[in-house]
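Line order of the protein sequences matches chains A and B. Quick note, the first sequence lines up with residues 1 to 277 if you use our numbering. Quick note, the second sequence lines up with residues 1 to 277 if you use our numbering.
Note that these hints are calculated values from the structure, not bench results. Some hints here could point you the wrong way.
[Said to hold, decoys possible] Below, simulated SDA-like cross-link-like pairs (lysine to any residue); rule was C-alpha separation at most 25 Å, straight line:
{"no.": "1", "chain 1": "B", "residue 1": "Lys155", "chain 2": "B", "residue 2": "Met1"}
{"no.": "2", "chain 1": "B", "residue 1": "Lys277", "chain 2": "A", "residue 2": "Lys277"}
{"no.": "3", "chain 1": "B", "residue 1": "Lys121", "chain 2": "A", "residue 2": "Arg218"}
{"no.": "4", "chain 1": "A", "residue 1": "Lys22", "chain 2": "A", "residue 2": "Asp145"}
{"no.": "5", "chain 1": "A", "residue 1": "Lys123", "chain 2": "A", "residue 2": "Arg228"}
{"no.": "6", "chain 1": "B", "residue 1": "Lys277", "chain 2": "B", "residue 2": "Thr138"}
{"no.": "7", "chain 1": "A", "residue 1": "Lys123", "chain 2": "B", "residue 2": "Leu158"}
{"no.": "8", "chain 1": "A", "residue 1": "Lys121", "chain 2": "B", "residue 2": "Lys21"}
{"no.": "9", "chain 1": "A", "residue 1": "Lys22", "chain 2": "A", "residue 2": "Glu122"}
{"no.": "10", "chain 1": "B", "residue 1": "Lys121", "chain 2": "B", "residue 2": "Ala23"}
{"no.": "11", "chain 1": "A", "residue 1": "Lys121", "chain 2": "B", "residue 2": "Ser97"}
{"no.": "12", "chain 1": "B", "residue 1": "Lys21", "chain 2": "B", "residue 2": "Asp136"}
{"no.": "13", "chain 1": "B", "residue 1": "Lys121", "chain 2": "A", "residue 2": "Arg135"}
{"no.": "14", "chain 1": "B", "residue 1": "Lys22", "chain 2": "B", "residue 2": "Ser223"}
{"no.": "15", "chain 1": "B", "residue 1": "Lys277", "chain 2": "A", "residue 2": "Gly210"}
{"no.": "16", "chain 1": "B", "residue 1": "Lys121", "chain 2": "A", "residue 2": "Leu206"}
{"no.": "17", "chain 1": "B", "residue 1": "Lys123", "chain 2": "A", "residue 2": "Ser263"}
{"no.": "18", "chain 1": "B", "residue 1": "Lys22", "chain 2": "B", "residue 2": "Met1"}
{"no.": "19", "chain 1": "B", "residue 1": "Lys123", "chain 2": "A", "residue 2": "Lys123"}
{"no.": "20", "chain 1": "A", "residue 1": "Lys121", "chain 2": "A", "residue 2": "Arg104"}
{"no.": "21", "chain 1": "B", "residue 1": "Lys123", "chain 2": "A", "residue 2": "Lys22"}
{"no.": "22", "chain 1": "B", "residue 1": "Lys123", "chain 2": "A", "residue 2": "Val208"}
{"no.": "23", "chain 1": "A", "residue 1": "Lys277", "chain 2": "B", "residue 2": "Leu226"}
[Claimed, not checked] For each label pair, taking beta carbons as the anchor points, the in silico distance ranges come out as:
{"no.": "24", "chain 1": "B", "residue 1": "Arg124", "chain 2": "A", "residue 2": "Pro168", "range": "34 to 44 Å"}
{"no.": "25", "chain 1": "B", "residue 1": "Glu174", "chain 2": "A", "residue 2": "Asp130", "range": "45 to 55 Å"}
{"no.": "26", "chain 1": "A", "residue 1": "Ala232", "chain 2": "B", "residue 2": "His167", "range": "20 to 30 Å"}
{"no.": "27", "chain 1": "B", "residue 1": "Ala36", "chain 2": "A", "residue 2": "Asn243", "range": "45 to 55 Å"}
{"no.": "28", "chain 1": "B", "residue 1": "Ala127", "chain 2": "A", "residue 2": "His167", "range": "29 to 39 Å"}
{"no.": "29", "chain 1": "A", "residue 1": "Glu122", "chain 2": "B", "residue 2": "Ser81", "range": "24 to 34 Å"}
{"no.": "30", "chain 1": "A", "residue 1": "Pro168", "chain 2": "B", "residue 2": "Glu225", "range": "56 to 66 Å"}
{"no.": "31", "chain 1": "B", "residue 1": "Ser207", "chain 2": "A", "residue 2": "His77", "range": "28 to 38 Å"}
{"no.": "32", "chain 1": "B", "residue 1": "Glu225", "chain 2": "A", "residue 2": "Ala232", "range": "40 to 50 Å"}
{"no.": "33", "chain 1": "A", "residue 1": "Arg247", "chain 2": "B", "residue 2": "Gln240", "range": "49 to 59 Å"}
{"no.": "34", "chain 1": "A", "residue 1": "Gly86", "chain 2": "B", "residue 2": "Glu122", "range": "33 to 43 Å"}
In this text, a Cβ means the ideal position worked out from N, Cα and C, and glycines have one as well.
There are 2 protein chains.
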Amino acid sequence: MQTVAIFGVGLIGGSFGLALKKAGFKGTIVGVSSEATVRVALERGAIDEAAPMADAARGADLIYLAQPIGRILDTLHHLDSYVNSGTLITDAGSTKSAIVATARQHIGRCAFLGGHPMAGKEKRGVAAADAELFRDRTYVLTPDDPAELERQPAKDFLGWVRRMGAHPVVLAPEEHDRIVSFTSHLPQLASTALAATVAEQAGDRLSVAGPGLADTTRLALSSFELWRDILATNNVAIEQALNAYIRKLEHVRDHLRTREIQSEFEIAAALAATLRK
Amino acid sequence: MQTVAIFGVGLIGGSFGLALKKAGFKGTIVGVSSEATVRVALERGAIDEAAPMADAARGADLIYLAQPIGRILDTLHHLDSYVNSGTLITDAGSTKSAIVATARQHIGRCAFLGGHPMAGKEKRGVAAADAELFRDRTYVLTPDDPAELERQPAKDFLGWVRRMGAHPVVLAPEEHDRIVSFTSHLPQLASTALAATVAEQAGDRLSVAGPGLADTTRLALSSFELWRDILATNNVAIEQALNAYIRKLEHVRDHLRTREIQSEFEIAAALAATLRK
Numbered sequence: 001m002q003t004v005a006i007f008g009v010g011l012i013g014g015s016f017g018l019a020l021k022k023a024g025f026k027g028t029i030v031g032v033s034s035e036a037t038v039r040v041a042l043e044r045g046a047i048d049e050a051a052p053m054a055d056a057a058r059g060a061d062l063i064y065l066a067q068p069i070g071r072i073l074d075t076l077h078h079l080d081s082y083v084n085s086g087t088l089i090t091d092a093g094s095t096k097s098a099i100v101a102t103a104r105q106h107i108g109r110c111a112f113l114g115g116h117p118m119a120g121k122e123k124r125g126v127a128a129a130d131a132e133l134f135r136d137r138t139y140v141l142t143p144d145d146p147a148e149l150e151r152q153p154a155k156d157f158l159g160w161v162r163r164m165g166a167h168p169v170v171l172a173p174e175e176h177d178r179i180v181s182f183t184s185h186l187p188q189l190a191s192t193a194l195a196a197t198v199a200e201q202a203g204d205r206l207s208v209a210g211p212g213l214a215d216t217t218r219l220a221l222s223s224f225e226l227w228r229d230i231l232a233t234n235n236v237a238i239e240q241a242l243n244a245y246i247r248k249l250e251h252v253r254d255h256l257r258t259r260e261i262q263s264e265f266e267i268a269a270a271l272a273a274t275l276r277k
Numbered sequence: 001m002q003t004v005a006i007f008g009v010g011l012i013g014g015s016f017g018l019a020l021k022k023a024g025f026k027g028t029i030v031g032v033s034s035e036a037t038v039r040v041a042l043e044r045g046a047i048d049e050a051a052p053m054a055d056a057a058r059g060a061d062l063i064y065l066a067q068p069i070g071r072i073l074d075t076l077h078h079l080d081s082y083v084n085s086g087t088l089i090t091d092a093g094s095t096k097s098a099i100v101a102t103a104r105q106h107i108g109r110c111a112f113l114g115g116h117p118m119a120g121k122e123k124r125g126v127a128a129a130d131a132e133l134f135r136d137r138t139y140v141l142t143p144d145d146p147a148e149l150e151r152q153p154a155k156d157f158l159g160w161v162r163r164m165g166a167h168p169v170v171l172a173p174e175e176h177d178r179i180v181s182f183t184s185h186l187p188q189l190a191s192t193a194l195a196a197t198v199a200e201q202a203g204d205r206l207s208v209a210g211p212g213l214a215d216t217t218r219l220a221l222s223s224f225e226l227w228r229d230i231l232a233t234n235n236v237a238i239e240q241a242l243n244a245y246i247r248k249l250e251h252v253r254d255h256l257r258t259r260e261i262q263s264e265f266e267i268a269a270a271l272a273a274t275l276r277k
């Protein structure tokens, strides 16, 4: 692996470049991004040079798609004709089924490996990129066929992921999307719906709030731009997650004065404690 | 106001004692609590001496009830016979309708003023007490009759609340309970129900979670002991708050791929930003 092309040099793409270098990568990192982003990415050393998409794709051993999901889908429609047969294409999109299905249709099957680093920050953009972003975080890989992981380019890529300090976890794309609908997409929508409900019902009385409201509505600050593609490409799993949550809230509502509610508090506290280990 | 009796010298009661002294109170603070709590409260200087309930009540100009709600209700059933006619009784319970109604029935009406400092900490107990706990926080007062605030003992008490740096807000007990059902009780139950749902559906895959899950489930760490009395004494308002939240979640679920969801994100983000001002 000599040349890596990063498409979309934002927080994740920029961090991938910085982390690769910190892990000892001596090859060339080419960035494909807007002019303004490229300038900052070069300054920060997240990329070594910039190129248009077609040129970057032609010369790369690894193509790392770190764009928004909609742009990744778009790129996959056009990439195949530029790519060498030995190149691995991987991505960092937050949903996997739609991306893997699009790659299956438009890219030679063995040249694509879906991925999702479970890492992030409140701040976006390459200015916030961090060589340590992936350390001690799960890095999900969603091969369409497990044999993809046995090809040398995939093994090389996995080696670098491990050297960055991340922990690879292999999941089927649909299983990934079902899990994150509960562990990531549901918390976002629960927080957004909570903030919207409070705005309608008590928005003029926010001085009368406990400190817990700020915690539970921090995610509600997220931009819709980031979430539109996630909601569109995982809507079936998200609907099911919302239904499970609504059923749980109805159960809580119907048992406010019984022992049932104590058991929900205990299950919930155990999960919250496990998350903090 | 020469002598203050604090019933229940935990985080709130202990902080009230420390804050009184810091604000310049030169009288005597008597604590009514368990032996172990009294020992720590004396060490920390939150109280000057300890006494049994009846003795403390007899000598006090101000009685500050900072026990759990159930204990406050119990105390109000027994306190009237010990209290001097000039004494003000106030409380710091998290729900107000049940407490104000009990006081109306068992205490001479003008001798009681309901209160709720909107302040707290993750840690409980007098060891975590803090003279600055009330600074820049709202302190809700819920007189059964607005004339209560015009009596001298209430004016004296309010003066000390202001000198502690808190901002008094006057609300009817039912209005207080309706507002906190949205701003405090709903966030707790939303967090508990979220954590319980994730535990059931993805509890074995917590390594595949974004950082937002930890934020939204921090409240789920709360102990049920603290919440049992709140749920029992505000269940009607909490049911309505849960219903409004469930309706909002259903609306979100039914509009995942439409512009409607963008407007919910915007309303929610505006509320979350206001909370952080």
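Exercise. Is Lys277(B) within 25 Å of Lys277(A), Cα to Cα?
Worked result: violated, 31 Å
For this session: Go ahead and decide if the range 40 to 50 Å is satisfied by the Cβ distance of Glu225(B) to Ala232(A).
Result: With a Cβ separation near 43 Å, Glu225(B) and Ala232(A) satisfy 40 to 50 Å, so the hint holds.
For this session: Hint says 45 to 55 Å; check whether the CB-CB distance for Ala36(B) and Asn243(A) agrees.
Result: holds, 47 Å
Exercise. Does the Cβ-Cβ separation between Ala232(A) and His167(B) fall within 20 to 30 Å?
Worked result: With a Cβ separation near 44 Å, Ala232(A) and His167(B) fall outside 20 to 30 Å, so the hint is violated.
Problem set entry | Glu225(B) and Pro168(A) - C-beta distance against the hinted 56 to 66 Å | violated, 42 Å
Exercise. Is it true that the CA of Lys121(A) sits at most 25 Å from the CA of Arg104(A)?
Worked result: Roughly 31 Å between the alpha carbons, so the hint for Lys121(A) and Arg104(A) is violated.
Exercise. Is the straight-line distance between the alpha-carbon of Lys121(A) and that of Lys21(B) 25 Å or less?
Worked result: Answer violated: Lys121(A) to Lys21(B) is near 42 Å, above 25 Å.
Exercise. Going straight from one Cα to the other, do Lys277(B) and Thr138(B) come out at no more than 25 Å?
Worked result: The given pair, whose Cα atoms are some 15 Å apart, holds under the 25 Å limit.
Exercise. Is it true that Arg247(A) and Gln240(B) lie within 49 to 59 Å of each other by Cβ?
Worked result: Hint violated: Cβ distance 19 Å, outside 49 to 59 Å.
Exercise. Is the straight-line distance between the alpha-carbon of Lys121(B) and that of Leu206(A) 25 Å or less?
Worked result: holds, 18 Å
For this session: Evaluate the given range 29 to 39 Å for the C-beta pair formed by Ala127(B) and His167(A).
Result: Since the Cβ atoms of Ala127(B) and His167(A) sit about 38 Å apart, the hinted range of 29 to 39 Å holds.
For this session: Would you mind confirming whether the straight-line C-alpha gap from Lys123(B) to Lys22(A) stays at or under 25 Å?
Result: violated, 40 Å
When the structure is compared with the earlier hints, violations turn up for hints 2, 4, 7, 8, 11, 13, 14, 19, 20, 21, 26, 29, 30, 33 and 34 and for no others.
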